[in-house]
Amino acid sequence: MRNTKVIETDVLIVGSGGGGVRAAIEVAKKGLKVMVANKGTFNKSGATVTADMEIDCPSKEIKEIFGLPGDPADTVENFMQDMFEEGKYMNNEEVVFAHCSNAASYIKELVNWGMAVNGLMQAPGHRYVRGILSTGRSMVEALRKGAKPYKIDFIEHSMFTNLLTKDGRVVGGVGINIRTGQFLVAKAKAVILATGGGTRLYPITTAPEELTGDGFAMAFQAGAELVDMEFPMFLPCCFYWPPSVRGIDFPYIFTSQTGGWWLNRFGVRFMEKWDPRMELGTTRDIASVAMMMEILEGRGSPHGGIYASCKHLPAKLLDQEASHPGAYQNYKYGQFDLIKLHLDPREVAYEAGPASHYSNGGIRINAKGATNVPGLYAAGESQGGTMGANRLSGNAVTECLVFGALAGSAAADYSKGAPPPEIDESQVTMWYDRIHAPLNRKDGVDVYEMRTKIQDLAYKDMGPIRDETGLRECIAEIEKMKKEMLANLAVKNKGKIYNREWVAALENQSLLRVMEIIARTSLERKESRGAMYRRDFPDTDNKDWLKNIVVKNKDDNISLELKPVVVSSRIKLPARERVPYIVPGWKYDKKF
Amino acid sequence: MTEKKVLKVQVYRSLSRKEEDTDRKGEYRSYEIPYIEGITVMNVLDYIHENVDRSLSYYKSCRTGKCTGCIVDVDGKSQFGCTTLAVDGMKIGPQKGKQVIIDLVVS
Chain A
1 MRNTKVIETD VLIVGSGGGG VRAAIEVAKK GLKVMVANKG TFNKSGATVT
51 ADMEIDCPSK EIKEIFGLPG DPADTVENFM QDMFEEGKYM NNEEVVFAHC
101 SNAASYIKEL VNWGMAVNGL MQAPGHRYVR GILSTGRSMV EALRKGAKPY
151 KIDFIEHSMF TNLLTKDGRV VGGVGINIRT GQFLVAKAKA VILATGGGTR
201 LYPITTAPEE LTGDGFAMAF QAGAELVDME FPMFLPCCFY WPPSVRGIDF
251 PYIFTSQTGG WWLNRFGVRF MEKWDPRMEL GTTRDIASVA MMMEILEGRG
301 SPHGGIYASC KHLPAKLLDQ EASHPGAYQN YKYGQFDLIK LHLDPREVAY
351 EAGPASHYSN GGIRINAKGA TNVPGLYAAG ESQGGTMGAN RLSGNAVTEC
401 LVFGALAGSA AADYSKGAPP PEIDESQVTM WYDRIHAPLN RKDGVDVYEM
451 RTKIQDLAYK DMGPIRDETG LRECIAEIEK MKKEMLANLA VKNKGKIYNR
501 EWVAALENQS LLRVMEIIAR TSLERKESRG AMYRRDFPDT DNKDWLKNIV
551 VKNKDDNISL ELKPVVVSSR IKLPARERVP YIVPGWKYDK KF
Chain B
593 MTEKKVLKVQ VYRSLSRKEE DTDRKGEYRS YEIPYIEGIT VMNVLDYIHE
643 NVDRSLSYYK SCRTGKCTGC IVDVDGKSQF GCTTLAVDGM KIGPQKGKQV
693 IIDLVVS
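Protein chains in written order, with the numbering used here: chain A, 1 to 592; chain B, 593 to 699.
Pulled out of the complex, with its shape left as it was, chain B reads as follows:
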């Protein structure tokens, strides 16, 4: 029997989800997702959004490293979500130095 591989990641989530709140404090939450070789940060976010928590928000457009809209902070470094490989234990946060709209979406 082969063991099903999982990937553990932490993703930044805003605490308040209400329109009227201006405070966008957040925390890192842990998620486990099935691992497929070669999946990217964007694939991880898509998986969580579609299968675990629909409220997870992030920006996605070209998926090919061109539009630059999906830049997130991965373990302290600014990276394209769509072309960066996902690794076990990674921490995905909003791009540093930008105002957080919600979760990983920044102004």
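Excised from the complex, chain A in its bound form:
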């Protein structure tokens, strides 16, 4: 094949966020060759760098290890129980144990590498102070320092699209170098997928552009199991308008701090139907469902959201809130100057709504980060089992740190005993042709037309609220898109250097696969739980649905298997009964 670059390494890591880099350090430490590939630039892409973060460990260890005011009453078991309660008991116990018991020592290492500690916090859902405040930028810089003594090769601007297998083992992957257009073939004894989530499936997201579920699609293709995929997480009350700030979470942060109101187009504070704690005290999952219900039932704002308003509050109160050093001092949020953007909360109500935020589910792993396919590992948001049906605040960066290290270590150990990778040339040729097909096709389906169709459909039928009718329609559309759109995608720009449209075409393949998986698992789960609300099954069914849905590739189709939740005596499960999804005991009967 023309213009192919062959890479040989022991461990290939796809993704250079926190999980990918932490894994690379571990592999290099064990004396093996490691290559980190990334669609963007190292340090300038991925979700880690964007986090306004807290990173969590048991409160007891905050005191013992960091000498900060943690609570000695907290334990690994308490932390685990909180994760299970937030995750609505869908979590995998051995994975959660690895998460909770390893967090403190890996965080300590990060602090030694220079990560800033800006304070402590107790986020909602945590019974103790477990959050160490820092920033994603600081974490990434610390990891860079930790990686410095080792030889780690980075191949930036490189998108991997498929894994190569031989006799049931993963032996590498293929993709393109975006900067040169060159076809890449990587031979590796093991591959770690640290690709983040599939948040870009939705039109409005808090996450970076490149999180298009490539890792999920690659793992699925190679025969790995995925789990809890029906639980994509949404953050309520993110900007829907104007386009400059779409997906930014400032309206949520600011209204829920100050006593702002969330209103539908009739001026009604709709939270009263859902949660007596209203805007100030409700949780992210219930708030997202409540907002989506207003939007779907036609009570939304002109640009498709709800209104988030602080206009009823005294300007002085808001000024006081904006005077504290922190995320929105002087009405500047990150690099956005809200006053200049005509988004002064003293003057205007915002159009906001749920935005795709995180993939709770992902590639099914064991406590060491290994999948069911020999040679394949996952770390960070791309892994499944840690969060169950909903994630506790602060756990995303903790997860990518801990499982980056664990998967790196396990992949290195595996590589030491693995035979040299043998590549099946027929697979390489097949993927070469598929990768180049949209570039070579003269006429066909527009890449961005397909992207918009995917996102609009996902938002409408697979957002915080779903039902059988919508999901069945969605699945029918997905089947149509596979045949009529994906098979006929044509990239208009034929240049090979940094061709954004070609990358978008390849990402559409991942997105459509992730979309199908979420649609089919959502249809299977006949209840409401955590981040997923089925309006045709509005209760949480702990009698029949304490089960995980495991997804696997069967002849290019999706096969589902239900696995009952099994835990040891250290985890307390809820009573085996059906309970209302919304706050227990809360009944709303006011008509409007």
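The hints are simulated quantities; they were obtained by calculation from the structure and are not laboratory data.
Just so you know, not all the hints are guaranteed correct.
Pairwise CB distance ranges, derived in the manner of DEER restraints [what the hints assert, rightly or not]:
no.: 1; chain 1: A; residue 1: A315; chain 2: B; residue 2: S622; range: 38 to 46 Å
no.: 2; chain 1: B; residue 1: N643; chain 2: A; residue 2: D344; range: 24 to 32 Å
no.: 3; chain 1: A; residue 1: Q329; chain 2: B; residue 2: K690; range: 30 to 38 Å
no.: 4; chain 1: B; residue 1: P626; chain 2: A; residue 2: K563; range: 48 to 56 Å
no.: 5; chain 1: B; residue 1: S622; chain 2: A; residue 2: K492; range: 18 to 26 Å
no.: 6; chain 1: A; residue 1: H303; chain 2: B; residue 2: K683; range: 25 to 33 Å
no.: 7; chain 1: A; residue 1: G417; chain 2: B; residue 2: K669; range: 51 to 59 Å
no.: 8; chain 1: A; residue 1: D344; chain 2: B; residue 2: K683; range: 45 to 53 Å
Glycine included, every Cβ here is placed at the ideal spot set by N, Cα and C.
Use these hints to put chain B onto chain A, whose structure you have.
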């Protein structure tokens, strides 16, 4: 009848698009796009790429001013593409002092 507002901008474009060429000389080209109040440089680039010329290339990741990958030269000043307001007549070029890969993408 209300007049439809347009925004005129100039964007740096590489002349050669071929892999084998190493010379990345370029020129500023003019574009007109519909104006919406509060749109940013990134919104302008997205609009041109999706609706006018698919070959326009630029770097985009977080869209929130954190990843620092989208820094471009706006009228002689280094700015975040994603958080800088678009204004009529603006000139958008690659970040100064960096090697141009193509258009606004730099090494």
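Consistency of the hints with the structure:
1. Range check, A315(A) to S622(B): about 43 Å between beta-carbon atoms, so the 38 to 46 Å window is met.
2. Separation of N643(B) from D344(A) is about 31 Å and conforms to the stated range, judged on CB atoms against 24 to 32 Å.
3. Between Q329(A) and K690(B) the Cβ separation comes to about 31 Å, which falls inside the hinted range of 30 to 38 Å.
4. The beta-carbon spacing between P626(B) and K563(A), approximately 51 Å, falls within the hinted interval of 48 to 56 Å.
5. In this structure, S622(B) and K492(A) meet the distance hint of 18 to 26 Å, their C-beta atoms being roughly 21 Å apart.
6. Between H303(A) and K683(B) the beta carbon distance is about 30 Å. The supplied range of 25 to 33 Å therefore holds.
7. The supplied range of 51 to 59 Å is met by G417(A) and K669(B), whose beta-carbon atoms lie about 55 Å from each other.
8. Look at D344(A) against K683(B): about 29 Å separates their beta carbons, and that is not inside 45 to 53 Å.
Consistency note: the structure conflicts with earlier hint 8 alone.
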